[in-house]
Amino acid sequence: EADIYQTPRYLVIGTGKKITLECSQTMGHDKMYWYQQDPGMELHLIHYSYGVNSTEKGDLSSESTVSRIRTEHFPLTLESARPSHTSQYLCASSDTGTNYGYTFGSGTRLTVV
Amino acid sequence: AQRVTQPEKLLSVFKGAPVELKCNYSYSGSPELFWYVQYSRQRLQLLLRHISRESIKGFTADLNKGETSFHLKKPFAQEEDSAMYYCALSGNSGYALNFGKGTSLLVTP
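From first to last, the protein sequence lines are chains A and B.
Letter 3 of the first sequence, counting from 1, is numbered 3 in our numbering, and no numbers are missing.
Letter 108 of the second sequence, counting from 1, is numbered 108 in our numbering, and no numbers are missing.
Think of the hints as simulated: they come from the structure by calculation, not from any bench.
Warning: the hint list may mix true and false statements.
Stated by the list, open to error - Which stretches of chain B does chain A cover? Using the computed rule of at least three CB atoms under 8 Å from a CB of chain A, they are:
| hint | region |
| --- | --- |
| 1 | 35–45 |
| 2 | 57–65 |
What the hints assert, rightly or not - Calculated lysine to aspartate or glutamate pairs in the DMTMM-like style (CA-CA distance at most 25 Å, straight line):
| hint | chain 1 | residue 1 | chain 2 | residue 2 |
| --- | --- | --- | --- | --- |
| 3 | B | K57 | B | E32 |
| 4 | A | K57 | A | E1 |
| 5 | B | K65 | A | E79 |
| 6 | B | K101 | A | E72 |
| 7 | A | K17 | A | D3 |
| 8 | B | K9 | B | D81 |
| 9 | B | K9 | A | E63 |
| 10 | B | K9 | A | E79 |
| 11 | B | K57 | A | D3 |
| 12 | A | K17 | A | D95 |
| 13 | B | K101 | A | E79 |
| 14 | B | K15 | B | E67 |
| 15 | B | K65 | B | E79 |
| 16 | B | K9 | A | D95 |
| 17 | B | K101 | A | E63 |
| 18 | B | K57 | A | E72 |
Unchecked claim - Taking CB as the label site, the calculated pair distances span:
| hint | chain 1 | residue 1 | chain 2 | residue 2 | range |
| --- | --- | --- | --- | --- | --- |
| 19 | A | P8 | B | Y39 | 20 to 28 Å |
| 20 | B | K9 | A | T20 | 17 to 25 Å |
| 21 | B | E54 | A | V52 | 26 to 34 Å |
Just so it is clear, the structure is predicted and the values come from calculations on it, not from any experiment.
Ideal Cβ positions, reconstructed from N, Cα and C, are used throughout, including at glycine.
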């Protein structure tokens, strides 16, 4: 089924560890996005990509990095996790133009202890 | 700069009452505006977009450029409408959406 998938759903990890949050979509969308959301709060754009080998930082300063080697895959990496990285991370994708809006993944809830 | 403001963090109404969730935006160009909804334990999903001028689940939203608003309305709220609602704007960043802080709607019997 065409959809967008995020793994893991929940992750508890120690300070200083390197982690990668996975996001894959099977809809053939060109554009993909990462948002950070604290519970009950607004979504903050941290990274986006308009296609393969294209990545940009969003409005919210983030110590994470992303890559877009394949259209369907947009992983987010934290080289050294800190408690301040504790949050929910949402991945989304959209087709060319935004007239049809985004499709969101289920999110990864990250806790850094 | 582009900005989306949802002034109400929580809105509580009785079943059958009209509901209006407010959204104001700041953007100098022609915006694309959306409403997203997140039901309990479900992922964020698109509810409606201004360009289609559609009604989804009884909800409508009209873009008012003079007042820079895109309020979400429903004449008779249902309990299943209880959810978190986010207004979003696509402007300067091209396609990347800016989201408001969200309004939690609670419809009580």
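Structure-based check of each hint:
Residues of the region 35–45 of chain B lying with their CB closer than 8 Å to a CB of chain A number 4, which satisfies the three-residue condition for coverage. With 0 residues having a Cβ less than 8 Å from any Cβ of chain A, the region 57–65 of chain B misses the three-residue criterion, and the hint is violated. For the given pair, K57 (chain B) sits about 21 Å from E32 (chain B) by alpha-carbon distance, which is consistent with the 25 Å threshold. Simply put, K57 (chain A) and E1 (chain A) have alpha-carbon atoms about 30 Å apart, too far for the 25 Å limit, and the pair is violated.
For the proposed pair K65 (chain B) and E79 (chain A), the alpha carbon gap of about 44 Å is over 25 Å, so the pair is violated. For a cut-off of 25 Å, the pair hint linking K101 (chain B) to E72 (chain A) is broken: about 29 Å separates their Cα positions. About 30 Å separates the Cα atoms of K17 (chain A) and D3 (chain A), which puts this hinted pair outside 25 Å; it is violated. With a CA separation close to 16 Å, the supplied pair K9 (chain B) and D81 (chain B) stays within the 25 Å bound.
Distance restraint check for K9 (chain B) and E63 (chain A): the Cα-Cα separation of roughly 29 Å exceeds the 25 Å cut-off, and the hinted pair is therefore not satisfied. Proximity of K9 (chain B) to E79 (chain A) is assessed by CA-CA distance (about 35 Å); at most 25 Å being required, the pair is judged violated. Among the hinted pairs, K57 (chain B) with D3 (chain A) is consistent with the structure: their alpha-carbon atoms are about 22 Å apart, no more than 25 Å. Taken as a hint, the K17 (chain A) and D95 (chain A) pair is broken in the structure, with Cα atoms around 34 Å apart against an allowance of 25 Å.
At roughly 29 Å between alpha-carbon atoms, K101 (chain B) and E79 (chain A) are farther apart than 25 Å, so this suggested pair is violated. Our distance criterion of 25 Å between C-alpha atoms is broken by K15 (chain B) and E67 (chain B), whose separation comes to about 29 Å. For the given pair, K65 (chain B) sits about 31 Å from E79 (chain B) by alpha-carbon distance, which is inconsistent with the 25 Å threshold. Between K9 (chain B) and D95 (chain A) the CA atoms are separated by roughly 31 Å; this puts the pair beyond 25 Å, and the hint is violated.
Annotation: proposed proximity of K101 (chain B) to E63 (chain A) holds, straight-line Cα distance about 23 Å (limit 25 Å). At roughly 31 Å between alpha-carbon atoms, K57 (chain B) and E72 (chain A) are farther apart than 25 Å, so this suggested pair is violated. Take P8 (chain A) and Y39 (chain B): their Cβ atoms lie about 22 Å apart, and the range 20 to 28 Å holds. At roughly 34 Å, the beta carbons of K9 (chain B) and T20 (chain A) sit outside the given window of 17 to 25 Å.
Hint check: E54 (chain B) to V52 (chain A), Cβ distance near 33 Å, so the stated range 26 to 34 Å holds.
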